[in-house]
Amino acid sequence: MFGFVIRRIGVAIPTILVIITVAFFMMRAAPGGPFDLERPMPEETRQTILANYGLDQPLWRQYVNYMGDLMQGDLGPSLKLRDKRVSEIIAEGFPVSATIGIFSMALAIALGSLLGSIAALRQNTSGDFSIMTFAMVGISIPPFVMGPILALVFGLYLGWVPTGGLDPRYGMTPDRLILPIITLALPQIAIIARLMRASMIEVIRSNYIRTARAKGLSATAVIFKHALRSAILPLVSYLGPASAAVLSGSLVIERVFQLPGIGKHFVDAALQRDYTVVMGVVIIYASLIILLNLLADLLYGVLNPKVKYD
Amino acid sequence: MSLISTPQEKAELLETAAVKGRSLWDDALARLLRNRAAVASMIVLGILVVLATIGQLLWVHDYDTIYRDRVWIGPTLENWHLLGTDAQGRDMVARILVGLRVSLMVGVVATIVSLVIGVTWGAIAGFVGGKVDQAMMRVVDILYSLPFIFFVIILMVVFGRNIVLIFVAIGAVEWLTMARIVRGQTLALKGMEFVEAAEAAGVSKANIISRHIIPNVLGPVVVYVTLMIPVVILAESFLSFLGLGVQEPLTSLGRLISAGAQDMEPAPWTLIGPAVTMMITLFCLNFIGDGLRDAIDPKDR
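The listed protein sequences derive, respectively, from chains C and B. Number 182 in my numbering belongs to position 182 of the first sequence; there are no gaps in the numbering. Number 1180 in my numbering belongs to position 180 of the second sequence; there are no gaps in the numbering.
Keep in mind that the hints were calculated from the coordinates and are not lab data. Because the structure is a prediction, the values reported are computed rather than measured. Among the clues, some could well be false.
Now the stretches of chain C that chain B is said to cover, found in silico as 3 or more residues with beta-carbon under 8 Å [unchecked claim]:
| hint | segment |
| --- | --- |
| 1 | 20-27 |
| 2 | 148-155 |
| 3 | 251-261 |
| 4 | 274-287 |
Beyond 10 Å from chain C on every Cβ pair, some chain B residues (computed) [stated by the list, open to error]:
| hint | residue |
| --- | --- |
| 5 | Ala1040 |
| 6 | Thr1053 |
| 7 | Gly1055 |
| 8 | Asp1069 |
| 9 | Glu1078 |
| 10 | Trp1080 |
| 11 | Leu1082 |
| 12 | Met1105 |
| 13 | Ile1181 |
| 14 | Ala1197 |
| 15 | Ala1201 |
| 16 | Ser1204 |
Cβ pair distances, simulated, as ranges [to be verified]:
| hint | chain 1 | residue 1 | chain 2 | residue 2 | range |
| --- | --- | --- | --- | --- | --- |
| 17 | C | Ile178 | B | Phe1127 | 50 to 56 Å |
| 18 | C | Asp56 | B | Pro1075 | 55 to 61 Å |
| 19 | B | Thr1120 | C | Arg28 | 30 to 36 Å |
| 20 | C | Asp69 | B | Gln1247 | 35 to 41 Å |
| 21 | C | Arg229 | B | Gln1088 | 54 to 60 Å |
Note that the Cβ used here is the ideal one computed from N, Cα and C, for glycine as well.
All chains should be modelled from the sequences, with the hints used to inform the complete structure.
Shown next, in the form of structure tokens:
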């Protein structure tokens, strides 16, 4: 297992380096620069600013400089937000994005596996049918449709929760985070419920479950001690893709609900050619996704003794 | 009847067998037609496709006509603004029709792009096998773990908002699962007993391919394609929502929803119309995909 982790990290590091390199040169290939969009400035001022950020040097030189700084943990200054460093922007946004992401994932796993199991145990009843219809709704309505609708209904019409993002005086309060979390979790709840139902149906038909029933175990014991343990496996292997989906979903959620997370910065920065901020966010998200995939694979191995890391 | 039959008897036998026998696809079709949700979805989707294709020609308003004096009019029979008008006084019905057409087009074209890449990649990996297979699937594994949407966003920024690029970018991102499915099927089929049995019975190679290999690869591919179209439509809408999709005055459902979300306080109908259209479309595609999967591969029901 130790060797497996080492080898995965051995693949992950070059992967991240490739991502950084590709993102770096793609951003620079984009027409326009960070200082072109505002009103035209005198050529001299422009040159001074460019030199100030090292953008007047040849591209390969900039790349070497950037990678050098990165190795020392320096993501550079933001090119558009004056007097802000990229690390500061990420440090400010990360708690918001992480809170929403973690709670959404937790909600999706708990509710999704619960609903999926219930549907499987009552296969082809009205309960099963309504859970699967709900799952279909969850899959068919994307977060950027669900978000505005929920905000419209619960924020504007019913007035249960405040609209318009976080209140800077109080920071993250539950009433302002509940809608984003639910919106982000809904599609994942639906997908996990469908996965869980299919795998649970397969498991409860298997021989060892029949044996467990035959030797007189109670229904609860059969489900919780025997069936759930192997039914949960497909869910675990979905955790990697799920975390990627939640991370990219946060791009939309943070915009819909006006939350000051990292994802909100990314799109603005890409449009305004704020190279360093784009790079910083890509690096953070890529590393997170790779790390979460690795964790999911390890967890799978822990839960499924049949898997050998050789 | 003697064991050795004349060619003529053989032909007759084959013919009756052909009449009585039901192929894999007949069975699948029958199962699909019994699935009420799938059939209803096919009808609704058919209507939507027709509306998206020719609705523009029949509708009284153009999608880019601006009525300056009719900004944010609610749904009304007056002037035939059945779903109201948007912030610039354009008719919502006409805009939704165009948006639906663009979204469906993106769905189909980008899916074809991903189908071509995925099937070629998977089939080569599966047929060649060995080290080539391992290397090719390793690439897929690595690509799987990448934050693709970020690259699509950067791509859109770099090359501008070109509709052809949207097709290619999304298709190029979504081929991974297709490659895995096709490779798995190809590998599994190569060693199947029924393929060996057919070979032993003297069935020609062309017949083995057309009767055994293709139908077995096709099933999962068809199902996956149906489920892929909604994913692609969502991806395009996602980009449009972030302001990176098609450009005004052309529109897509995602772009309409994005605009509607901004104006939902003064004019909720600009959000509700496109959102409902998108939900219905995705519902139909998902139900059809699920129905097809159950019909072709009934063991998972």
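We went through each hint and held it up to the structure:
1. 20-27: Contact hint for the segment 20-27 of chain C vs chain B: holds, 4 residues under 8 Å.
2. 148-155: It holds: at least three residues are needed, and the segment 148-155 of chain C offers 4 whose Cβ sits within less than 8 Å of chain B.
3. 251-261: holds (count 4)
4. 274-287: holds (count 5)
5. Ala1040: 13 Å, holds
6. Thr1053: Label holds. Min Cβ-Cβ 22 Å, cutoff 10 Å.
7. Gly1055: Per Cβ check, Gly1055(B) is outside 10 Å of chain C; nearest 22 Å; holds.
8. Asp1069: 27 Å, holds
9. Glu1078: 25 Å, holds
10. Trp1080: 26 Å, holds
11. Leu1082: Non-interface label stands for Leu1082(B): nearest chain C Cβ at 21 Å, farther than 10 Å.
12. Met1105: 18 Å, holds
13. Ile1181: Nearest chain C Cβ is 15 Å from Ile1181(B), so the label holds.
14. Ala1197: At about 28 Å from chain C, Ala1197(B) clears the 10 Å cut-off, so the statement holds.
15. Ala1201: Consistent with the label, Ala1201(B) stays out of reach of chain C, its closest Cβ about 33 Å off (over 10 Å).
16. Ser1204: With a cut-off of 10 Å, Ser1204(B) remains clear of chain C, as the shortest Cβ separation is near 38 Å.
17. Ile178(C) to Phe1127(B): 50 to 56 Å: 52 Å, holds
18. Asp56(C) to Pro1075(B): 55 to 61 Å: Holds: the Cβ-Cβ distance is about 56 Å, inside 55 to 61 Å.
19. Thr1120(B) to Arg28(C): 30 to 36 Å: About 32 Å separates the Cβ atoms of Thr1120(B) and Arg28(C), which means 30 to 36 Å holds.
20. Asp69(C) to Gln1247(B): 35 to 41 Å: 36 Å, holds
21. Arg229(C) to Gln1088(B): 54 to 60 Å: 58 Å, holds
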